[in-house]
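Sequences are here, hints too, so could you generate the full structure?
Numbering that gives the first Met the number 0 numbers the first residue of the sequence shown as 0 and each following residue consecutively.
Read the hints as simulated data drawn from the structure, not as lab findings.
A portion of the hints provided could be inaccurate.
Simulated restraints on C-beta separations [what the hints assert, rightly or not]:
no.	residue 1	residue 2	range
1	Asp140	Gln163	19 to 29 Å
2	Ser156	His194	31 to 41 Å
3	Arg121	Glu15	18 to 28 Å
4	His194	Asn141	42 to 52 Å
5	Pro128	Ala175	15 to 25 Å
6	Arg121	Ala97	15 to 25 Å
7	Asp140	Trp78	25 to 35 Å
8	Gln117	Ser77	16 to 26 Å
Don't be surprised by glycine CBs; every beta carbon is placed ideally from N, CA and C.
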Amino acid sequence: MGLTGGIGCGKTTVAELFVKRGVHYVDADIVSREVVMPGTACHNAISQRFGSSVLQADGSLNRAKLRDTIFSQPEAKSWLEQLLHPAIRQSLLAQLNALSSPYALLVAPLLLENKLNQYVQRVLVIDLPEPVQLTRAMARDNASEQQIRAIMAAQLSRTERLAQADDIISNDSTIAALDSQVERLHQQYLQLARH
Numbered sequence: 000m001g002l003t004g005g006i007g008c009g010k011t012t013v014a015e016l017f018v019k020r021g022v023h024y025v026d027a028d029i030v031s032r033e034v035v036m037p038g039t040a041c042h043n044a045i046s047q048r049f050g051s052s053v054l055q056a057d058g059s060l061n062r063a064k065l066r067d068t069i070f071s072q073p074e075a076k077s078w079l080e081q082l083l084h085p086a087i088r089q090s091l092l093a094q095l096n097a098l099s100s101p102y103a104l105l106v107a108p109l110l111l112e113n114k115l116n117q118y119v120q121r122v123l124v125i126d127l128p129e130p131v132q133l134t135r136a137m138a139r140d141n142a143s144e145q146q147i148r149a150i151m152a153a154q155l156s157r158t159e160r161l162a163q164a165d166d167i168i169s170n171d172s173t174i175a176a177l178d179s180q181v182e183r184l185h186q187q188y189l190q191l192a193r194h
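Structure, rendered in structure tokens:
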């Protein structure tokens, strides 16, 4: 199952509620960091292409510097995407195949944008009204409204995301309400996994 939602919608919170029920997941954000760890082929290619200016003192990527570089150079952004997307996809699929729960979750903020939904049976969208999403993301990330709005603008709109959902969890209430929605879907997903 694919689990997605806009920034600040509660994807990790919902994923952890599934974990309490014995379901495993792979998080695309974590995998995207793993494929650029020092010593990996992607890390080496990035440091060769952009030089030491995109590296921290410890050799790890300076993600902010790299982001600034690629957003000011469209051809560099394209090159980086062509390098990283296949590596991330390969790692995601390998990690998903290694999981042993009755069904697994692929947690990805850009599940639909990056066409990762082709690897899952259903798309679960964690939904939140945009003003609440904005407030939660600003508080969680200690970020400005402008920064969060820029991230939201780079993701599918709420309407577009909901239009592609097989299942929706509304995260605008209590943890107890969230938990009961997860339980209902968990039972449904267990049934699907049996068939």
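Hint by hint, here is what the structure shows:
no., hint, in the structure
1, Asp140 - Gln163: 19 to 29 Å, "holds (25 Å)"
2, Ser156 - His194: 31 to 41 Å, "holds (33 Å)"
3, Arg121 - Glu15: 18 to 28 Å, "holds (19 Å)"
4, His194 - Asn141: 42 to 52 Å, "holds (45 Å)"
5, Pro128 - Ala175: 15 to 25 Å, "holds (19 Å)"
6, Arg121 - Ala97: 15 to 25 Å, "holds (21 Å)"
7, Asp140 - Trp78: 25 to 35 Å, "holds (28 Å)"
8, Gln117 - Ser77: 16 to 26 Å, "holds (21 Å)"
The structure shown violates none of the earlier numbered hints.
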